[in-house]
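With the sequences and hints as input, model every part of the structure.
Quick mapping for you: the protein sequence lines, in order, are chains A and B.
Counting from 4, one number per residue, gives the positions in the first sequence under the working numbering.
Counting from 500, one number per residue, gives the positions in the second sequence under the working numbering.
Be a bit skeptical, because a hint or two may be false.
Unchecked claim - The calculated DSS-like cross-link candidates involving lysine-lysine, where the alpha carbons are at most 27 angstroms apart (straight line), are:
(1) B:K644 / B:K664
(2) A:K266 / A:K256
(3) A:K7 / A:K312
(4) A:K426 / B:K618
(5) B:K501 / B:K618
(6) B:K509 / A:K168
(7) B:K581 / B:K509
(8) A:K312 / A:K96
(9) B:K649 / A:K168
(10) A:K312 / A:K266
(11) A:K256 / A:K220
(12) B:K649 / B:K664
(13) A:K6 / A:K312
(14) A:K220 / A:K96
(15) A:K168 / B:K599
(16) A:K326 / A:K256
(17) A:K328 / A:K259
(18) A:K7 / A:K220
(19) B:K653 / A:K356
(20) A:K356 / B:K599
(21) B:K653 / A:K426
Claimed, not checked - Here chain A is said to cover these stretches of chain B; the calculated rule only asks that three of the stretch's residues, wherever they fall, bring their Cβ under 8 angstroms from a Cβ of chain A:
(22) 516-528
(23) 543-553
Keep in mind the hints are simulated off the structure, nothing from the lab.
Glycine included, each C-beta is placed from N, C-alpha and C at the ideal position.
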Amino acid sequence: MLKKVLVANRGEIAVRILRACRELGLETVAVWSDVDRSALHVRYADEAFNIGPAPARESYLRIDRIIEVALRAKADAIHPGYGFLAENERFAKACAEAGITFIGPPADVIQKMGDKIQARLTVSKQGVAVVPGTYEALRDDAMLAEAEKIGYPLMVKAAAGGGGKGMRRVERAEDLPGAIARARSEAQAAFGDDTVYLEKIIEHARHIEIQILADAKGNVVYLGERECSIQRRHQKLVEEAPSPVVDDDLREKMGKAAVRVAKAANYINAGTIEFLVDSDKHFYFLEMNTRLQVEHPVTELVTGVDIVKEMLRVASGRPLSIKQKDVRLNGWAMECRITAEDPYNGFLPSTGKIISLYEPTGPGVRLESGVYEGFEVSLYYDPLIAKLCVWGADRSAAIMRMKRALSEYKIMGIATSIPFHQKLFTSTSFIAGLFDTSFLDERFTMEQIGDDDEHEKVSAVIAALLTHDRRQHAINIPPPTSSARAGWKRGRAWRSA
Amino acid sequence: MKYTAIINDKMYEVEISANNTVLVNGEPHSIDFRSIDGNSLYSLLLDNASWEALVQHEGDAYRILIDGHLHVVEVQDERTRKIAKATKGAGAPAGDIAIKAPMPGLVREVSVNVGDAVKARQGIVILEAMKMENEIRAPRDGIVKEIRVKAGDKVEQGQALVVVK
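See below:
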């Protein structure tokens, strides 16, 4: 049994994992970089240790320091969350060598599925369709020859890839050599490995993934699918479960295929098999994520299974608490990724202090947040600051609930993706469930829906009233101790002139 | 007292009169306006319609967040309006704007030339930061007056990239 868990992460996911630990009565250890001293996860954990300067490679990516802290704090397990070291087989190995349980699959499984080319090979041997493309590390000239057989358009992808990095779409043969060169250099910079492969582009495909859980006794269950086609430049922004296009029959087929893949890889712990589903509902293996996913809450909301607790359970050597027949989908769940990015300005990262924060609550709302009023959003880490998740009895109830929750969510001081989500949730294509992975990039703009005149009028009135109040105070109340805002602080009703 | 609120180049005349009423473009409305947290949260009942707003005050402008939508409002009273009129056109955005790097990064591409007419939100510079390419856009229509960086330059946060007039 585990007693004390170190969470090698920060932000909302660290808090999510710490909460599960606390509910299981486990002691917790947080780690922090110099800029995260006041972060939520540091304050939430039982113990917290500094692991270095702000840049991730000097702190959250420092395997040696994290292992050292775990030994010092006598933690018997480490949960890596997502990102940072979550899919780093050297980290999993270092944990094992230090006698610490890594809460995730064994190092060799991370390696096998993390190499996208090797994963494609493993999966295709299981009789599961893989997106057509190359299956080995090829030299550029061999890749050009293969491309002719695969056909255009196609995608150049990094074998060690993830998060949209090292990916290039290629329309014509003459663009391929340049795209390979750029993808190689991007992959080298991001992952320290310049191996790339080719994948045919399946037009109008949806990105749908299957969550699996596996224990060390060989039990593997699938927890249904997540619809993740709402992406901007390969970055997911909204996820839902179930998918509007997956029926019971397709779910069972995809689920069973995912279980076959997991078994073939000797998979243990939580994992996700990503598929592309074409307009004829044929599905093709894309890749496997050997970690907890950002969007895991939508699966939890419709299955009632706590994925993080199952991960802790499996890591402690116990069997899964559920069998396949226990998995039933109930209702509909949606997640909006709230990022510190400005949707009106090309999703440019936005940094600064959150000066006001009012969070949504009420029936069916689950907020996974890593920020608070006064928190300084820095440039050092992922712009994801929170995940707003809702549950509804059906898809339309979930949509209405998300719109309601978004309107309650008020963040001032930084730009956020909230206005994007509000526009998306009024888009008729989105509401009708008619979208694929190209929807955001090709058929959606922030300008698409007209601005609300009523909001403008109200804003105008408020601005005029505040200006008026400042003027009145400037004229009538000159003492230096009285600021223009003093009147508001007394909470009195505003009085007109 | 009469004020002019400017939002997205649209003008609203707001006249504040006695008995908790305002005239918006000549139409009367009843108001009840209160500070909620003594800081940035306000409640407005406008003809009994209930609105909640977060307000941030920056110079002559207010950033007002209502139902998730952010509005930047500039307010002029009769006096400041006259001054603005005397110096430039009525409330039209004027003067040079330096488009600055919102973050430290590497300039990948400068997509405009000196003398080019640019539209609001048009891409001006591609800046690579955190291994992602970010498009820096023009804040409003204008003419490119000056380009201070070139592809390959490393820039600091707040460094001017392009000046638009």
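Structure-based check of all given hints:
1. B:K644 / B:K664: OK: K644 of chain B and K664 of chain B at ~6 angstroms, within 27 angstroms.
2. A:K266 / A:K256: Roughly 15 angstroms between the alpha carbons, so the hint for K266 of chain A and K256 of chain A holds.
3. A:K7 / A:K312: The hint holds at about 14 angstroms.
4. A:K426 / B:K618: Within the cut-off at roughly 23 angstroms; holds.
5. B:K501 / B:K618: violated, 32 angstroms
6. B:K509 / A:K168: violated, 41 angstroms
7. B:K581 / B:K509: holds, 18 angstroms
8. A:K312 / A:K96: At roughly 22 angstroms apart (the allowed maximum being 27 angstroms), K96 of chain A and K312 of chain A satisfy the hint.
9. B:K649 / A:K168: Status holds; Cα separation ~24 angstroms.
10. A:K312 / A:K266: holds, 21 angstroms
11. A:K256 / A:K220: Measuring from Cα to Cα gives roughly 23 angstroms; hence the hint holds.
12. B:K649 / B:K664: holds, 19 angstroms
13. A:K6 / A:K312: Satisfied, since the Cα-Cα distance of roughly 14 angstroms is no more than 27 angstroms.
14. A:K220 / A:K96: Given pair K220 of chain A, K96 of chain A holds - Cα atoms ~21 angstroms apart, limit 27 angstroms.
15. A:K168 / B:K599: Holds. K168 of chain A to K599 of chain B sits at ~26 angstroms (cutoff 27 angstroms).
16. A:K326 / A:K256: Given that 27 angstroms is the threshold and the Cα spacing comes to 17 angstroms, the pair holds.
17. A:K328 / A:K259: holds, 13 angstroms
18. A:K7 / A:K220: holds, 23 angstroms
19. B:K653 / A:K356: holds, 25 angstroms
20. A:K356 / B:K599: Answer holds: K356 of chain A to K599 of chain B is near 19 angstroms, not above 27 angstroms.
21. B:K653 / A:K426: Violated: K653 of chain B and K426 of chain A sit about 35 angstroms apart, past 27 angstroms.
22. 516-528: holds (count 8)
23. 543-553: Answer holds; 6 residues pass the 8 angstroms Cβ test.
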